[in-house]
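**Student:** Using the sequences plus the hints, can you model the full thing?
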Amino acid sequence: MAEDYDDDELILAELDDEELVAQMHDDLYDGLKDEIVEGVNILLERGWGADKVLTEALVEGMRIVGVDFRDGILFVPEVLLAANAMKGGMAILRPLLAETGAKPIGKMVIGTVKGDIHDIGKNLVTMMMEGAGFEVIDLGINNSVDDYLNALEEHKPDILGMSALLTTTMPYMKVVIDALVEKGIREDYIVLVGGAPLNEEFGKAVGADAYCRDAASASSTGVAMVQQRQAA
Amino acid sequence: MSERQARRGGGRDSKRAARQVSQTKQAAFIERRIPYFELLDEASLALIEDNADTLLEEIGIDFRDDPEALSLLKAGGADIQGERVRFPRGLCRSIIQATAPKEFIQHARNPERSTVIGGRRMVLAPAYGSPFVRDLDKGRRYASIEDFRNFVKLAYMSPGLHHSGGTVCEPVDLPVNKRHFDMIYSHLKYSDKPFMGSVTHHSRAQDTVDMAKIVFGEAFATNNCVTTSLINANSPMTYDDTMLGALKVYARNMQATVISPFILSGAMSPVTVVGTATQILAEALAGMAFAQLVRPGAPVVFGTFSSAVSMQSGAPTFGGPEPSLVMYTVAALARRLGVPFRSGGGLCASKLADAQAAYEAANTLQTAALAGVNFMLHTAGWLEGGLVMGYEKFMMDVDQANMLSVLLGGVDMSENGQALEAFREVGPGKHFLGAAHTQRNFETAFYRSTLADNNSFEQWTEEGGQDMAQRANTQWKRVLADYELPPMDPAIDEALLEFIAKRKADFPDKDY
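Heads up: the sequence lines are chains R and H, in that order. Quick note on numbering: the first sequence equals residues 1 to 232 in full-length UniProt numbering. Quick note on numbering: the second sequence equals residues 1 to 512 in full-length UniProt numbering.
Source of the hints: derived by calculation from the structure; they are not laboratory data. Treat each hint with caution, since some may be false.
[What the hints assert, rightly or not] From the structure, some residues in chain H lie toward chain R, with a derived Cβ separation under 7 Å:
#: 1; residue: 131
#: 2; residue: 173
#: 3; residue: 200
#: 4; residue: 203
#: 5; residue: 241
#: 6; residue: 267
#: 7; residue: 311
#: 8; residue: 314
#: 9; residue: 387
#: 10; residue: 406
#: 11; residue: 507
#: 12; residue: 511
Even glycine gets a Cβ: it sits at the ideal position worked out from N, Cα and C.
**Tutor:** Printed below as a string of structure tokens:
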């Protein structure tokens, strides 16, 4: 395969900060997890704060990935690799961020609703949210009201995400949201819903904060809403 | 004085009436008179079968949340580890070939509409499962029971469609746990073509069987196939308890099931044609063998829904060449197994009844006809990857479907077909339009599209300069206006309504 770089020659530790960050953007783009882990460690050793590494190296790199995914330059399997590389970097940064008390980018609980075992879309959202730096607690498939309530109680996320592929299961989202309202905790969470048979009107009707048409919009909507909430 | 002589008949009125309707005659199915398009040779097909056996033996299929299914499969010779079911090589094939019918009759309440699924026949049914509908007047919206009835009526009025279908759209305005009553009733009441039952819960499958018994009679419906229902595998390599529950009800009642792997290649199967065909064969073998273990002899159809996902966005794509290659391959595999084959449809990803919709749909419809599909779900109405049932698209697809019966009818090699007499009569340098041979044959010689406009630019302009979607809009409204209810014994209608009222009162409305 002809590539316009030769990674055998490159020693990350020999790059200055600016070059290293630019290289990390490229490495995220190319989905090189080991190189991202190495880059994160080098920046930390050079005295960078975890939040600065996160913002300037990783989040900015994934922003570029997001733009090129939207524009049809990057394909889904490549974005999966990029998100996986991001996840590798986050694994190092997350405990450090917690120690410094820096605000994490966000946390999400996600799962398909009761009766629905179709989870490919949900898994793509998980991947994109992790790519955006979120911590995602994936409840898997077929979740009852109690499954969601217990997870919210335990993990205290910013976002609850629910997905469905079937017209016969999508109304269950309203059952979950009604339970949140009844318990007086609806306003504690941003509720995002998604899945092929939904639309904006349905999202409003069940009382969600937003309907997300695909994984990319789930991630951009989630990030924007959490930032808005943190700023408020 | 003698009475005034009656008119001879004929003349303008009768001809106007005859020429303004579709020339397609309502038939119970299309009889195929052309060969199958065979893509692969014997060795390639045998290799795929061998690989499918490897998949079944080594990796296996999950049968989830249904302990009864696991014990049936165990008794049938499968190896069970947790919910993973592995099949010794050749087991599924031998179970299916021992008892599954090669073809079967699905009876309709009008015996003239009873159809045969399998062999050299093709049965066309409308699209299935859309939560939304779309038309030019009101745009895209959630489907209602009124839309459902409309599509049942349109399918009934379309001579090129042989089957009323099932979930022609999802009536989202009705409660989830009761909408099946109104859906099945609509098929039984507003059409007399064969229909598909509910599969979203085993009790709803049982309600379907019970309602069919009211219409067909207990004894008849116990021993004959009166409904065919769609059981999807949850690809990759998974069957869930909802589908298995419905499958068991239908098989136990000797009713037909279409066992359909649902593949968006790249996401739910490998990206290659052979990999996808291998997985489809393995999943279908496991599901059909299971149906035979539930009730030996219950009719099964080898289903295949296969499309691809865009590697750029993850969105499903339709009408591309690779799914056509898969369909040709799997059709041949189904023939080798000796069961009826379901695939095809007017599939497309377009939002509108536009050029994309038309050519993507045409690609799949033509492939299905050449491949040898026996039962074609999604023939008419499909838009937006199946999310939307389109009124205008429905009429466009019906026009396409009508053409398939001509194509599959093959070439007339009779003396009349050879037309030597026409050459003798006309000779060089003249034209054939007035020849006796032409006079005898012109009316049915060429398929007349119900929607295409072939007129001059000037005439087309004078008539409003309409595109196909606009013409289709006028057409579906006219068909609905012309609709007449097929007759039904009032006692049967009453019994159906009584059954529904009683069952609806049995439990509260629920939206899950």
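**Student:** Broken hints, numbered, in rising order?
**Tutor:** 2, 4, 5, 10, 11
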